[in-house]
Each structure stands twice: as C-alpha cells, then as structure tokens.
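Trainee: Spelled out from the first residue to the last, the chains are:
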Amino acid sequence: MKIRAVALFSGGLDSALAVRLLQDQGVEIKALHFYTGFCITEHKRRLGLKREDGSLYVNPALKAAALLQVPLEILDISEEYFNLILNPKYGYGKNVNPCLDCRIFMLKKAKEFMEKEGYAFVVTGEVLGQRPMSQTFDRLMLIEKEAGLSGYILRPLSAKLLPQTIPEKLGWVNRDQLLDIWGRSRKKQLKLAKEYGLEHEQPAGGCCYLTDENYAHRFREVIRVEGSIAREDLVLLAVGRHFRLPSGARLILARNEGEVRFLQGFRHRYDYACRKDGKGTFGLLKGRLSEEEFNLVAGLVARYSKNQPCEVLLSIGGRETVVWADTLSEELADSIKIYKRKGDKHGSGKS
Amino acid sequence: MEVERVKPDIVHDVVGTFCPVPIAETAKVIKTMQVGQVLELVADDPGVVEDIPAWCKATGQEFLGLYEDEGEYHLFVRKVKEL
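Protein chains in written order, with the working numbering: chain D, 54 to 404; chain S, 15 to 97.
Read the hints as simulated data drawn from the structure, not as lab findings. Any given hint could be a false lead.
[Unchecked claim] Here are some chain S residues the structure puts well away from chain D; computed CB gaps all over 12 Å:
1) Asp27
2) Glu54
3) Val56
4) Val63
5) Gly79
6) Leu80
7) Tyr81
[Said to hold, decoys possible] Computed, partial: chain D to chain S, Cβ under 10 Å:
8) His86
9) His96
10) Lys97
11) Gly101
12) Asn112
13) Ala114
14) Lys116
15) Leu128
16) Asp129
17) Ala246
18) Ser368
Cβ atoms here follow ideal geometry from the backbone N, Cα and C, with glycine treated the same way.
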C-alpha cells in the first residue's frame, strides 16, 4: 500500500523540494496551503498591481503544486488566525510575525486533516538553523510537541541532522535518501531546484506581509494609540500612507489608482476626503475628525493629489463640506505620518 | 467546444474575492459535486485565468475553458475525480 503524507506547502523553494524528495521515494503527498488573510499575492491583486513585466502575481503554492503535480488543499484559517495575531503565546518575531505560534497552529490544523483523511505523517520544508526564531533545534522540537505531532513531522531537507522520525523508523521513508542541509545559505536548495527543474518564485518567508517592517510599525502604533485593532484594519494597514491627526483620528491616503479604487470601496462606512473633481488621491478617515482638522486633511489631500491647491470634498458623518486647500508642507506632512523613523524602537516614539 | 455553450451543473459566484480565495471556493464546491458534473465559476480577479487552470492541473480536474464578460470571468471545470 502506498504511504500517504500531508505537507505544509507555501510553494516556496523549501516546501517544494521537501515534497519532491518524498515523491522520489514513492510517498503520495497532499499539499496543504493555508489561507491566513495575510497573503501578499492576494493583497497585490486586490490593489490591481502587476509585476514589472506586466504579468500578474501568481500564488506560488498553486504554481509549485502544478509543477510538482501534487494535489493542493487550501485551508482557510483566516478567522482563527486573526486571534492568533493579537495574542501569540510565544510573542512576535522581528516584526508582527508570530512565527512560532503560526507554525504550531498550522501543524495542529495539518494534524486534524491528517487524522480525518487518513494520512500517516506530516512533511515540512523546515531547515535546521535557517530562521532564528522558529527553526533552531529546540524550537523545532517544541513546535512538534505543542502541535501533538512528536515523531510524526518529517523534515526531509534536514532529516539527517534531526532525531529519527516514526516514518523513518517504520521504514516508510528511507533516511539515507534524505538531506542534511543546515543554516541560512540556500545554495544547496538552489542547486537541487535546478536539477529538478523547479522554478524559484519567491524568497523564503516572502509570502506573508506580517514580516514587513513598516506594516509592523503601523500595527503597533494603532494598538498603542487606538487601544485595539479590528480585523478590517489588518487589511487597511497594508494600504496607502497613514497619518495620525491631533484628535487621534487616522487618515489613510491612497498612493496609486489601485489603492484609490480599494479605499473607495469603504466610503459608505467611513468618513472620507478627496479632491472635489475626483482626481488624485482618496483618503479614508478612521475616527471622528474635529472641524479644526478639516484644513489639515484638505491640505494633505492637495499635497498628494498633484501637489496643487484645489477644492477638497470632506464627507464627515454623512455631511459633505467643500474647502479650498493649499498643499500642506512636506515637513508638516512628515511630522504626522505614521512610519518607522530612524532610531524608532518597537512601539515607541511619535510614530 | 465553445465554452459559452457549456451547461454547468452548478454556478458559483466569487466576485470581489482574490487569490487564493477563488481557488479555495472552487475546491469546496467541487468536493460536493458528482464526478462528471461541471462547475461554472464567476470571478473578477484577473488572476483566476492562470490560477484555475493551474489548480486543475495540480488536482487532476478538467479545465474546459473560460470567457470574459465586462471584467468578469466565467470559468468551466469538469470534475474528473474525487479531491
């Protein structure tokens, strides 16, 4: 009987190679791809962005699965994932990436799937020593224990450096044909990918925007100033320029046509500001603006819409007001912009 | 075969969602269908034009074709085997 296993599958080079190595040993693989709601491809497509050559951003998992001819299961974990982001047991990585909790959570989901559908073990593309937070020896062991999968996670790229797993002990998989890759260098993986004819779509960890530094800065700023964060905010934080106004309200200004269209989609539920003639940027307001701030917001809209004085329409609490605005100076705009300044620490400083 | 003439057994509308949601939805619906039945997926994420054929290739389903109508894509997938 054929041995069947599930693989955690981002579509990145490591997970693709891990699957391929086991396919070579005759193991039947089902690739599990998790939809967390923080996928960069989804985000770029939502904003209508394209690659430099004009082509669309492609989901790397789908592309790699098609190349490997491995059946792909996309599991939507976005609802539960939101809670995980806010309260990670093991904290965040460098940015707001709760890598350890994320791995444990995904492995628990993989375990559920494995048991329900009758698969024998779990495969991952993890490489020992590749990432300081989640891929040290101790962390790998902790992750599998927390997920309730001790001995049942096979990591083909580093297997020879790790304790023998149950699939190896039972002879389902030949340990001799597995690898002993260690560390951050990806030379061995790239060489293997070439041999296998696997196209390399993305850098490791590059599919999740929680690892983005500016995103993390905004996330922390919102928690600090507004006290909480809504699920919708997690998407809005990845769009446009953000400004913190003196009243505590936040202005999100679109940077390009795609963002204008995206933010306009929220205008029935939020206050907003834009040029009266509809040209240029579009600004969404979170929180109630004070009347004294109308000119400030109008000045920002003018600045980021061709940098010309213009009439600006403000829709506040369902009432429309038109004001004539001069462009706000760069200095003033910069002083209220939310972004990571040189020397800023996590969650500190006027951001 | 002209895809416009294909008579789907199920029509599923995912307009307003973006990759990978249309794929996840396709899989969800295909699982409930009988082998041989045809799904018509309606989507406006231009990426589905590449995603759905790739998903069919990965999972062994038959991609019958697509047409575009005012920014919405109609894609046809025949269920060939259980997922």
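Trainee: Checking against the hints above, which ones are violated?
Mentor: 4, 17, 18
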